[in-house]
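Engineer: Listed below are the residues making up each chain.
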Amino acid sequence: MFLQLFLKECKYLLHSLTFYLYLACVIFMYVSQVLPEMKIIEEPKVGQEDYGMKYSKDQNDIRKAAVETLIREYTANSYTAYPFGFYKRVILNEMKQNQVQDILLKLTGLRIEEINEKIEAYISQFNQNEEGYSIDEEGNIISPVTEEDTVELDIQVVDTITYENFLELMEDLNNIIGGGSNYTGVFLSNLAMEPRTYEDARNEYHEIIEKDKMTGAYARVFCDYIGIFLAILPVFVAVTMGLRDKKSKCKELVYVSNTSSKVIVLSRYLAMVVMMFLPILIFALEITFEFIMFGRDRGIAIDSFAFVKYSTTWLLPNILVATSVGIFCTEIFESAVAIAVQGLWWIISLFHGMQYINGGYSNLLLIRHNELGNYDVYQKYLNTLIVNRVGYTALALALVGVTVIIYEEKRKGKFHAVRTILSNRKSKCKA
Amino acid sequence: MLFEQYYQIAKVNVKHNLWKYLLMASFFLCISPTILSIQNLDKKMSAKVLELFVALIGIILFVPSFLPENDSDIADLTASKYRSVAGVSLTRILEAGLGLLLLAGAYIFAMKQSGCQFDTMPYLFGTISEGAFLGAIGLVVYTVTGTIAIGYMAPMLYYMIAISTGDKYLKKFYLFSMMKGSYIEKYYLGLISIGLFGLIILIKHCKRR
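Quick mapping for you: the protein sequence lines, in order, are chains A and B.
Residue numbering for the first sequence follows the numbering used here, starting at 32 and increasing by one per position.
Residue numbering for the second sequence follows the numbering used here, starting at 45 and increasing by one per position.
No false leads were slipped in.
In the DSSO-like style, the derived pairs of lysine-lysine whose C-alpha atoms are separated by at most 30 Å in a straight line are:
#1 A:K277 - A:K441
#2 B:K251 - A:K277
#3 B:K92 - A:K85
#4 A:K278 - B:K64
#5 B:K224 - A:K85
#6 B:K125 - B:K248
#7 B:K59 - A:K441
#8 B:K251 - A:K280
#9 A:K70 - B:K212
#10 A:K85 - B:K212
#11 A:K280 - B:K59
Rough simulated footprint, nothing fancy, chain B against chain A, three-plus residues with beta-carbon under 8 Å:
#12 41-52
#13 258-265
#14 371-377
Just so you know, the hints here were simulated from the structure itself, not pulled from any lab data.
Source: prediction; values computed, not measured.
Virtual Cβ for every residue (Gly too), placed ideally from N, Cα, C.
In isolation and in its complexed conformation, chain A is listed as follows (with noise of 0.2 Å):
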């Protein structure tokens, strides 16, 4: 019974406009977002100009970077924040600043008469007469300070705090500003850059080639692409289904049919993420042909099974939540709220997870990986996206697990969608 079900939910998704819509859509994103991102990386030449910039992970660059951005920050009363990923300009008010200063005092191990002395000092050079500057030929302005007369801003944090005490202030920082401030997690990793040099991108390029074995690391941008999009779009397929009974205006014929709720729901909701995964599954193979070929020319031995895992694993809890979120909603409201919901709840990961664009990861919805390799950083969170992927998964199982006892009981009788609930109490009112 199940599996004839199950068949029949397949057939019906063939002849639904939203699922095409949605096929089309994720042909499209493939087409134009992830292909032009499997370019092959070719491996790096000796004496080339330059190998790109890189974040500094030497805890004295962090610390200096975080100072320098804190005088400037403070200086000002201007914190950038990003707590959900929006621009947020922060301004402290006298009590909170005068906590940043007390701060900045521990960090630097200065007075605060010293450090605006410094400030002052350094940015004078930068304040001379207009007449300093002049234009060259180009029309490029010259600065009448050259490079070589530049005054650093020579505030250092002391060497007495180690580096955990200098997370723990950062810490204290963040919460004071309000949190997803430059003072933390990756905003933090993130603000001392420095050139890569050719053995940075040599053992880039091995890292690439040996221990993600090539794949691997072109899998999980492939799924940092497309899973933006399966975080929203089965909501409109689920919707559409959840709402087809109601509007053919065959609900009740269900209702009193002898299959179980169990089988009505869960065939339902299998044959959606089923159909819906399956070309994303297909994606996956052909990309995979790809890089088989390419390995086999260059003798390059690559995982093969990389691509299907990630997709396994990464993509398809992203399938199961939105479908989840859209039957589940769909049979309490009968009406299209989940898109809303659903819709909340994809921007809000979106912007909020601007800040582990690279990796990182969080407890959003929405996992990004949007830089080839990083391969230390999805080693040091793998387990927050192996929580995270499992906690999906479990809360759209148990959100399917509601559903199914949702249906039973309004075929019993005993619950009633939102929709008819306030429109009998407004009936019973006029009466």
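Put chain B on the given structure of chain A with help from the hints.
Structural biologist: Chain B alone, transformed into the frame defined by chain A:
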């Protein structure tokens, strides 16, 4: 007499349909302080808030304009009335537009009060054209397909394409041009929305006949 009839149509629409979506859109805007800041923003950041977030209320307000007719009994009832379907449709679209204007206007006022630096009228116009454009796409798709989920899906897809591909494919119909300091795209969006609303009314009119 005619005015009185349309006034009644407008009133009934607010009472039975629009109020839910006005409430939802207001809720959407009211929760914004928990996810973004509207204090002391410069031009670019103000545009980001308005284009990426506030304009989305256009989808909430316009797309369900004809939702009551999703119930075939109500559709038959409204179709049996003497009053032209074009007039009823226009009234509902104008009401949704008015809702968009009021809510976006109130939000922009709040931003101004919070020290944001931008030109009020061009930004208001830009937000409304984008909101109306997204809403019009949704409404035209809903009118044609009769499936509300697809009605919501179409503008969201457009929004996603704009976010992920920038102006590469959308060119003059790019949604987030104010962030780059350009308003010309907003005129295109505004004009296309008017055209789409006209098309919707025409489709409704033809369907009835």
